[in-house]
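Novice: Single-letter residue listing:
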Amino acid sequence: MELKYIGLDEINGPLVALQGVSGIGYDEMAELRLTDGTRRLARVVEVSEDRAVLQVFEGTKGLSLGNTTTKFEGKPMELPLSKEMLGRIFSGAGRPIDGLGEIYPEKFADINGKPINPVSREYPRNYINTGISSIDALMTLIRGQKLPIFSGSGLSHNKLAVQIVRQARLAEENGQDFAIVFGAMGVKNDVADYFRRSFEETGSLQRVVMFLNMSNDPIIERILTPRCALTCAEYLAFEHDMHILVILTDMTAYAEALREFSSSKGEIPARKGYPGYLYSDLASLYERAGIVKGRNGSVTQIPILTMPNDDITHPVPDLTGYITEGQIVLDRSLDQTGVYPAVAVLPSLSRLMKDGIGEGYTREDHQMCANQLFAAYARVADARSLASVIGEEELSAVDKSYLRFGRLFEKHFIDQGFDVNRTIAKTLDLGWLLLSTLPKSELDRTDDEHLAKFYDPEKAAAEFGL
Amino acid sequence: MDKIYSINGPVVKVKNSKSFSMNEMVYVGKKKLIAEVISVSSEFTTIQVYEGTTGLMPGEPVVGTGAAMSATLGPGIITNIFDGIERPLRDLAELTGAFIGDGAAVNSLDTGKKYSVTLKVKPGDRLAAGQIYAACPETASVEHRCMLSPLSHGGEVVWTAPDGEYTVNDTVVKLKTDAGEEELTLCQRWPIRTPRPVAERLPTDKPLVTGQRVIDTIAPVAKGGTAAIPGGFGTGKTMTQHQFAKWCDADIIVYIGCGERGNEMTQVLEEFSELVDPRTGKPLTERTVLIANTSNMPVSAREASIYTGITLAEYYRDMGYHIAIMADSTSRWAEALRELSGRLEEMPAEEGFPAYLPSRISEFYERAGYVKTLSGSEGSVTIIGAVSPQGSDFSEPVTQNTKRFVRCFLALDKNLAYARHYPAINWTTSYSEYIDELADYYNKNVASDYMEVRQQISNILVEENKLMEIVKLMGSDVLPDDQKLLIETARIVRVGFLQQNAYHKDDTYVPLDKQYRMMTLILKFFELGKAALAQGITVSGVLGTGWAENIIKVKYDIPNDRPEMFGEYTERMEKDFAALSGGVTVGA
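Those sequence lines, one after another, are chains A and B. So the first sequence is numbered by the working numbering: it starts at 3 and just counts up by one. So the second sequence is numbered by the working numbering: it starts at 31 and just counts up by one.
Just so you know, nobody snuck in bad clues.
Simulated crosslink set (SDA-like; lysine to any residue; CA at most 25 Å straight-line): (1) A:Lys190 to A:Glu202; (2) B:Lys583 to A:Leu445; (3) B:Lys554 to B:Gln565; (4) A:Lys356 to B:Ser303; (5) A:Lys428 to A:Lys442; (6) A:Lys6 to B:Ser36; (7) A:Lys402 to B:Ser506; (8) B:Lys560 to A:Asp446; (9) B:Lys62 to A:Gly76; (10) A:Lys455 to B:Asn580; (11) A:Lys85 to A:Lys116; (12) A:Lys295 to B:Glu300; (13) B:Lys61 to B:Gly131; (14) A:Lys455 to A:Gly467; (15) A:Lys442 to B:Ile588; (16) A:Lys356 to B:Ile582; (17) B:Lys33 to A:Met31; (18) B:Lys62 to A:Arg45; (19) A:Lys267 to B:Leu374; (20) B:Lys312 to B:Glu408; (21) B:Lys204 to B:Val187; (22) B:Lys583 to A:Phe456; (23) A:Lys356 to B:Tyr539; (24) B:Lys535 to A:Asp446; (25) B:Lys444 to A:Leu405.
Computed spacing ranges between beta-carbons, pair by pair: (26) A:Asp384 to B:Ala229: 48 to 58 Å; (27) B:Pro308 to A:Lys461: 40 to 50 Å; (28) B:Ala469 to A:Glu395: 44 to 54 Å; (29) A:Leu36 to B:Glu380: 41 to 51 Å; (30) B:Pro308 to A:Asp384: 34 to 44 Å; (31) B:Glu601 to A:His414: 40 to 50 Å; (32) B:Pro308 to A:Gly89: 47 to 57 Å; (33) B:Met498 to A:Glu395: 20 to 30 Å; (34) A:Gln369 to B:Pro589: 16 to 26 Å.
Simulated from the structure, these hints should not be mistaken for lab results. In this text the structure is predicted, and so the values were computed from the model without any measurement. Every residue, glycine too, gets a C-beta built ideally from N, C-alpha and C.
Based on the sequences and whatever the hints tell you, model everything.
Specialist: Set out below in structure tokens:
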């Protein structure tokens, strides 16, 4: 017998409450049917013996206490999954919106996923060559990693994500399958369109699954979008042995949706009005990257988030940084001087880098070169602040050489352009060449052996026209 | 039978029940999810569930266990990896696969494995609480000693099993007590939120030697002490914790991954099984217990993981071992408290954290200590807690409250990390209150002037800090030569001494003796430099000897097992400086 409940008892923001219900499970799905025939999906967020609170994905606009009937489905939200999803476009709640009809599901999976048992994880070690010098050399992306891009409004994060997708060699040449899962939360229509066109141009549209929640779509659906995307990614990675790159944009919009939902439930806010469980909630998404022992696939995540007011201490980038394995930070002042990609080297970091580089992965001198570049560029910042006080002329010769290094580094190493794809060897050689513009005694993070091999001031002078 | 009334996330309520007591462990629902009672009133009993509650329905049964949330203590803990409520993750993986499912019932300890037990008592002996009645080798590095639970009142041994092979649940001793006969197995249970009793607390005057120069020399931690490592993301908290876990001279390490990354736990698992404990020659895992409750595992189990960890540590302390606990990160634990407090609709204090946050933090850190155990031996629990301040702001509630209750503060600095100066422990904002208590140990065991040398090095850094204010405003050229020399010497201290390479075979762990010799070598350079300046030689002349660079590379060039090389270095340096002043007429 199918049980339907007529009417509602309370409507508040995206939440509705029903009295006198029974046999309802926590997190269960329900369908609301309006008298005009339209349907809406909802999820149980609080339940007691005779009362259930539901969040309505499509919003509560037009609902009244009398015009709906509610049917509970007896199971949590599940996403139909199939390999046919490749090349298709779905709504933020996982329904096809490209007009090609429903998919024929191979299986259904709970979109909340389950935590990977730490003993079943395989430690990520294979690096992904993105062809972008600043990333490859200094914050190497590793397969199975979660490495977000911290950006600000108006910066070129979308372009960078597209370049990574286009240039990244996700799978080695031995014919392993790869695909991209793209989740858009609260993005503008033209941004989604930009990604779609870019995927089309690179000929990879058949390898992309898109989940789109636009900025004018309901916020509750936005909370589901990354979960649908990751469920699809896990399915393709762990059941079809594919290497999946998940791009999630924009995590800030997601967190704002969560805040809106939380406040409409009347929860006690923590920092800046975000709910106290923001960390756990973000972790339940980011931690779904990784490699599982005994399976051939992997899930790599590149979440993109815009820092409100470029503030890296804002709760969303802050909590993200604590969960993800590093971050790529974009810098507005670099961007304004025309540098692309405007990667702010010093605050950027890849935590998994140390085990995925060096002999057997990239090149034996990689770590040393990267350490020295970081150390030297950190000195550039000191020299610049000193120069702004006493003037460049008054600086010591060493400080002057750092200023020069800083300019060359930004011009030749960071500023690479959208169409340039560098091999790791080329990137590292360039790094050593730039370091060669500094006095030898300043290179204290390397050893004599490497200096003998790579330190070549004459070649550097010729190359950079000094 | 008691039934679920309502469900909100991990919080479940039961209406009109009088059958539960505070902090009692209960099973919730048909899946028998593990849960704990957190508040009781005549109308509602509130329960926090340690597993996912998706699909749970009102009306499902809630069954009490009659006991407080407890950990099972016995052989089989070391080398294991548990979740926050002491379920072994390897067994869970066998049961539910690579992804953790709900309601999986597994034993904390392997009940099938047999240990070769030696009995330590005979019939007729009196056995008091905390006394050891049997022992067995648990791993190659750790002997397990079974003690009468401190909950027992003690009694007379009436029967013992012969020495031999037993499982954790086999009875090995029978005891006649006032309350009747008590059967003792190899394991016992202990409520995780209650500290285990000790005979006496002793002073903390022995260092926990870590082989990390900035810690051992600048801000040392005492055995039985407490330390906090605060730092924003990317400053190397986890790396510092790993270095502690790998190299500190504790007998047993309890590593609590509390709300952190899954891949990090995998890394610890992998790395520790490959690394060799320098003191026993066995893999590091043979002395390590891991508790992994990653950020996406249930939040209430994250809250419990800290208590589970410290209970395991106290249990081994009572056997007479020295334990170091790494809690990474206590901020995640505090956030779990906040999250649960929010679900209970409690009145929040600062930044949404509950008002009882400071008391919970102090309760936790107070469980550290150097003690005389009930059985009369000495043992210690040292707590090293990582703190992840929101927005790298040390004024936030968790960091501030932690600072009040720990005595060693190892502040990680974002700017040092940006410059890849690792470990990024800031030497001016970090401190240790143990210095005075530990001075005797250093002076007696390493060198009689260790503390004096340390102070001189520290003075150089303080002095440099002052001078840098001027340099930032006017450049270093304006300084007189002696101050330039000081800045150069401070650079040697920073790069050559404070910076340490965790990936270098020698530099990853440096014995105290080498630390001392490195410092004296730097001071010697400073002294010779000053003498040279007095003779009219310029700073660039002093640097021209190349000794600044030589000393910086000493950490790599002099292996840990060749301390005599420092003598050669000093001689050569003296010779070079003599040659330097040879060019100038010395007033002889």
